[in-house]
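Participant: Here are the chains, one letter per residue:
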Amino acid sequence: MWVMAGPASTRVLADHGATVVRVETFNRTETARTIGPFLNDLGGSENSGLYQNMNAGKLGITLDLAKPEARGVIEDLVRWADIVTDSFSPKAMRGWGLTYEDLCAIKPDIIVASTCLFGQYGPLSSLAGFGTMGAAMSGFYEMTGWPDRPPAGVFGAYTDYLSPRYHLRPAGRSRTPRAHRRRPVPRPVPSGGVHGVPAPAVLDYGANGRLAPAMGNRHPTMKPHGVFPVAGEDRWIAIAVEGDEQWRALCGLAGFDGELAALDGAARRAREDELEATIAAWTNARDGFELQQTLQDGGVAAHVVQTSADLATDPQLVHRNHFRNVAHADHGTFWIEGPRFRCRARPTRSATPARPWASTRSTCWWAYSATTTNAPGRRRRRRAGVSRATFRRGAIGAGSASAGFAHQGGLSGCGRRRSEG
Amino acid sequence: MLTGLRVLDASDHRGQLAGQILADLGAEVILIEPPGGSPSRRVGPFIDGHEQDPDGSLWFWSYNRGKRSVVLDLHGDGADPARADADRERFRELVRSADVLIDSAIPGSMSEAGRGLGPSELAELNPALVHTSITAFGQDGPKARWHATDLIVVAAGMQLSMMGDSDRPPVRVPLEQAFLHASAEAAAATLIALRERRRSGLGQHVDVSAQQAILQATQSYALSSLLNAAEIRRMSGGTKAGPFNVRVRSKAADGYVSNTILFGEAIGPFGRRLFEWIHAEGECTDDELHFEWIDFVAAVTEGRRSPAEYDHIQDVAEAFTAKRTKAELLAEALRRRLLLVPIANVADVVEAEHYQVRDYWRTVEPPALGRAIRVPGPFVKCSKTPLQIPTTVPAMGADTGQVLADVARRPDVRTCPIPQLVWTQVAGAAGPSAGRSRASRSSTSCG
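From first to last, the protein sequence lines stand for chains F and Y. Under my numbering, read the first sequence as residues 1 to 421, first letter to last. Under my numbering, read the second sequence as residues 1 to 447, first letter to last.
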């Protein structure tokens with residue numbers, strides 16, 4: 001898999017104990033390695049925050065599929081794995097002879113989870129693409145922005161941030177317990193990337209013929225509802241007034257007169273421009289963080305529009321241990337994000353870094369001996385260019401990587417990626 | 001895939017997508033609504049003329065397909081404390097019979113005021129319960145009980161700072177997104193906890209933070225500051241990444257297209273193919289065609305190239321797309337394998353041939369409307385076990401009597417000895433007869 005949509009889903013599996021092996025190639029740079037943020041703003045294959053964040057906790061292996069020996073390694077990996085995942089256009093997997101049918105021929109009960117921009121078939125399925133295109137084609141881009149301007153657009157590859165949650169779901173659930181794995185059990189092949197179509201907008205169109213309009217930050221019922229300037233360059237606070245009670249609280253905190261405080265929702269809707277200007281004049285020179293505390297204490301929903309610098313010191317994210325500084329072979333340590341949810345009784349394992357590209361020629365070999373009776377013989381290791389020494393080195397990695405419940409036959413999986421062919 | 005799994009969905013408009021995903025996968029999902037109906041029945045958009053109708057909310061219709069509805073007064077804020085006590089007891093009965101509970105209550109609120117429905121209290125009732133909570137900031141921490149709407153969470157989660165015109169305030173996606181991210185995350189988290197339960201026999205409390213979930217929408221730029229990298233800055237129709245103004249939106253003759261022009265071994269060739277087309281039409285120079293598609297970023301870093309050259313290349317491309325219609329551009333993008341697609345509105349999405357061919361849409365028929373309308377269909381196509389997408393949406397409290405009567409009749413399956421329970425689940429999940437063996441569990445393992 002490449003870039004984000006696929007790797008993000010197997011990152012979650014890795015966080016929760018699966019042994020995930022990421023397959024890369026040395027023939028071509030994985031695109032995520034070329035996307036920022038880069039450590040110290042310097043490009044480099046081991047410097048991408050996106051790559052490190054998406055692939056933390058996984059093992060890595062590089063294969064050259066042009067070489068026939070690689071096929072044997074792939075087949076061993078498939079036999080070892082419970083799940084094979086890919087995030088390419090259907091053509092790529094066909095080209096490698098790794099369709100669902102091909103993989104079933106190797107292992108009848110394999111689960112193959114494919115995610116790509118437009119699914120495995122249909123008129124658009126041959127579009128090789130990125131989530132930026134998914135964002136455009138799903139309606140999110142068009143509706144984000146100001147009514148008097150061209151669409152500002154949702155940030156980045158938006159559907160790539162949604163689809164991982166759908167992608168890992170069937171994969172995570174439908175696996176048969178280990179005791180039953182020899183039985184050939186029918187397997188699902190999930191596919192498709194763009195489910196992120198905004199459902200209420202689809203129904204609004206169907207029922208009322210209405211198209212979700214660009215409306216800046218305004219809200220159909222909460223009035224006012226917007227983003228207002230605070231002290232500092234390009235600093236902002238978001239304020240959402242949920243009802244009359246919150247409006248009166250805001251007026252009290254801001255010292256607005258009683259006439260404004262008495263406005264009901266309909267009146268606030270009619271005077272929205274004016275009220276927004278009044279609030280902006282109040283917030284404009286104030287410190288955003290003090291203001292958000294004042295508003296929250298007064299019962300009004302508000303938050304500073306945070307930048308990454310704010311996130312790093314956000315007391316909530318610090319409390320939740322969201323950012324993790326993990327050991328990294330090249331850099332000493334590297335910052336990644338932790339899991340987005342917590343299993344409170346039996347927590348996820350501590351995060352480990354992504355494997356450096358250069359060390360991935362052989363590091364997944366331990367997995368064979370650790371988890372399968374069908375370990376590849378020495379002959380095959382030699383054919384694939386893997387020495388005894390690297391096998392041992394790989395085995396050392398097994399200790400930390402199989403912590404959690406993976407070694408008990410937990411969420412084992414085989415994440416697979418290669419640069420697009 | 002989840003046949004036999006019983007889910008109680010006590011969440012409001014912020015969490016109901018999670019239960020619907022589980023329902024799409026085959027679980028039995030019971031929506032617990034307060035007297036007066038779920039708050040999501042008052043969230044727009046509405047069927048025109050049915051703004052006050054509890055069955056008129058299209059938000060509710062979007063995220064409650066396939067659920068049954070039971071009205072119970074859990075909060076006890078109303079005028080009838082005796083009813084609240086009785087309802088809470090009924091809820092406890094339901095919890096004993098359930099595999100999963102989803103809620104989106106303010107942390108701590110369900111154990112306050114003598115309600116006795118906090119996570120630890122429910123875990124005592126049913127140790128095998130997977131209890132998933134969806135909240136703005138998570139169950140603990142200084143902001144755990146802060147007032148939060150979608151706008152607040154996308155502000156706290158940085159996504160807001162990355163969108164909008166640079167000369168105006170940052171702007172959000174107008175349809176509430178943060179809690180949908182959290183809900184989708186919650187469904188996955190629930191399945192992971194259920195898997196873990198097979199081993200330990202125990203459920204647990206799963207704590208989903210919408211702030212942390214929406215951080216995924218920063219594409220890891222949330223790490224910029226910690227990595228000593230420059231902040232991403234918002235730009236209409238694109239993004240300012242360091243010295244580069246990366247445009248995505250590009251004019252077409254009849255609207256806008258999304259056109260990605262970037263560099264590197266994987267993406268660079270797409271740009272070159274676009275310029276081969278532009279060159280063939282005589283609308284760019286040889287130099288522009290032979291742009292440094294692979295190593296441009298490095299060339300800028302080394303001072304051999306200027307970011308202004310990137311702006312120029314994007315100008316050339318936009319002048320080209322501006323003369324052609326979205327349909328022409330898409331047809332050629334398919335032929336030439338370009339990263340170029342129309343910026344679609346919702347009508348374009350609903351009417352697109354692609355989704356018809358994929359048989360994506362399903363329909364629901366709200367009584368207030370009196371006709372069928374399309375809703376998103378299966379989020380995944382499974383070759384052997386296709387999703388059966390339910391298309392009914394419950395009226396408020398429609399199933400209260402039936403569900404409560406069933407619970408009263410049914411043996412209390414979750415008080416089985418734990419190892420036995422686990423084994424039954426393992427056996428039940430294996431093979432095509434999964435549904436039947438799980439359904440018969442109460443008699444085989446508890447009878």
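Honestly, the hints are just simulated from the structure, not real lab data. We treat Cβ as the ideally placed atom computed from N, Cα and C, and that holds for glycine. Be a bit skeptical, because a hint or two may be false.
To be verified - Lysine to aspartate or glutamate pairs mimicking EDC-like chemistry, simulated, CA-CA at most 20 Å apart:
hint, chain 1, residue 1, chain 2, residue 2
1, Y, Lys323, Y, Glu283
2, Y, Lys384, F, Glu101
3, Y, Lys251, Y, Glu328
4, Y, Lys240, Y, Glu309
5, Y, Lys240, F, Glu233
6, Y, Lys384, F, Asp41
7, Y, Lys384, Y, Asp406
8, Y, Lys251, F, Asp109
9, Y, Lys323, Y, Glu351
10, Y, Lys251, Y, Asp359
11, Y, Lys240, F, Asp234
12, Y, Lys240, F, Asp41
13, F, Lys91, Y, Glu318
14, F, Lys107, F, Glu69
15, Y, Lys251, Y, Glu318
16, Y, Lys326, Y, Glu265
17, Y, Lys326, Y, Asp315
18, Y, Lys326, Y, Glu351
19, Y, Lys384, F, Glu69
20, F, Lys91, Y, Glu332
As the list claims (entries may be wrong) - Now the in silico label distances, taken between C-beta atoms and shown as ranges:
hint, chain 1, residue 1, chain 2, residue 2, range
21, F, Ala345, Y, Ala322, 40 to 46 Å
22, F, Ala231, Y, Pro243, 26 to 32 Å
23, Y, Asp359, F, Asp330, 33 to 39 Å
24, F, Asp330, Y, Pro243, 54 to 60 Å
25, F, Ala267, Y, Thr363, 53 to 59 Å
26, Y, Glu51, F, Asp330, 28 to 34 Å
27, F, Gly209, Y, Gln52, 46 to 52 Å
28, Y, Ala322, F, Ala267, 26 to 32 Å
29, F, Arg28, Y, Glu124, 51 to 57 Å
30, Y, Gly36, F, Glu233, 31 to 37 Å
31, F, Gly243, Y, Ser166, 31 to 37 Å
Stated by the list, open to error - According to the in silico footprint, chain F covers these stretches of chain Y (three or more CB under 8 Å from chain F):
hint, stretch
32, 32–41
33, 157–163
34, 188–199
35, 217–228
36, 235–249
37, 291–297
Participant: Please go over all the hints and tell whether each is borne out by the structure.
Facilitator: The hints, checked one at a time:
no.: 1; hint: Lys323(Y) - Glu283(Y); in the structure: holds (11 Å)
no.: 2; hint: Lys384(Y) - Glu101(F); in the structure: holds (12 Å)
no.: 3; hint: Lys251(Y) - Glu328(Y); in the structure: holds (13 Å)
no.: 4; hint: Lys240(Y) - Glu309(Y); in the structure: holds (15 Å)
no.: 5; hint: Lys240(Y) - Glu233(F); in the structure: holds (16 Å)
no.: 6; hint: Lys384(Y) - Asp41(F); in the structure: violated (47 Å)
no.: 7; hint: Lys384(Y) - Asp406(Y); in the structure: violated (32 Å)
no.: 8; hint: Lys251(Y) - Asp109(F); in the structure: violated (48 Å)
no.: 9; hint: Lys323(Y) - Glu351(Y); in the structure: violated (24 Å)
no.: 10; hint: Lys251(Y) - Asp359(Y); in the structure: violated (31 Å)
no.: 11; hint: Lys240(Y) - Asp234(F); in the structure: holds (14 Å)
no.: 12; hint: Lys240(Y) - Asp41(F); in the structure: holds (14 Å)
no.: 13; hint: Lys91(F) - Glu318(Y); in the structure: violated (29 Å)
no.: 14; hint: Lys107(F) - Glu69(F); in the structure: holds (19 Å)
no.: 15; hint: Lys251(Y) - Glu318(Y); in the structure: holds (6 Å)
no.: 16; hint: Lys326(Y) - Glu265(Y); in the structure: violated (27 Å)
no.: 17; hint: Lys326(Y) - Asp315(Y); in the structure: holds (18 Å)
no.: 18; hint: Lys326(Y) - Glu351(Y); in the structure: holds (15 Å)
no.: 19; hint: Lys384(Y) - Glu69(F); in the structure: violated (32 Å)
no.: 20; hint: Lys91(F) - Glu332(Y); in the structure: holds (18 Å)
no.: 21; hint: Ala345(F) - Ala322(Y): 40 to 46 Å; in the structure: violated (58 Å)
no.: 22; hint: Ala231(F) - Pro243(Y): 26 to 32 Å; in the structure: holds (28 Å)
no.: 23; hint: Asp359(Y) - Asp330(F): 33 to 39 Å; in the structure: violated (48 Å)
no.: 24; hint: Asp330(F) - Pro243(Y): 54 to 60 Å; in the structure: violated (25 Å)
no.: 25; hint: Ala267(F) - Thr363(Y): 53 to 59 Å; in the structure: violated (39 Å)
no.: 26; hint: Glu51(Y) - Asp330(F): 28 to 34 Å; in the structure: violated (58 Å)
no.: 27; hint: Gly209(F) - Gln52(Y): 46 to 52 Å; in the structure: violated (21 Å)
no.: 28; hint: Ala322(Y) - Ala267(F): 26 to 32 Å; in the structure: violated (44 Å)
no.: 29; hint: Arg28(F) - Glu124(Y): 51 to 57 Å; in the structure: holds (55 Å)
no.: 30; hint: Gly36(Y) - Glu233(F): 31 to 37 Å; in the structure: violated (47 Å)
no.: 31; hint: Gly243(F) - Ser166(Y): 31 to 37 Å; in the structure: holds (33 Å)
no.: 32; hint: 32–41; in the structure: violated (count 0)
no.: 33; hint: 157–163; in the structure: holds (count 7)
no.: 34; hint: 188–199; in the structure: holds (count 10)
no.: 35; hint: 217–228; in the structure: holds (count 12)
no.: 36; hint: 235–249; in the structure: holds (count 8)
no.: 37; hint: 291–297; in the structure: violated (count 1)
Comparing the model with each earlier hint shows violations of hints 6, 7, 8, 9, 10, 13, 16, 19, 21, 23, 24, 25, 26, 27, 28, 30, 32 and 37; every other hint is respected.
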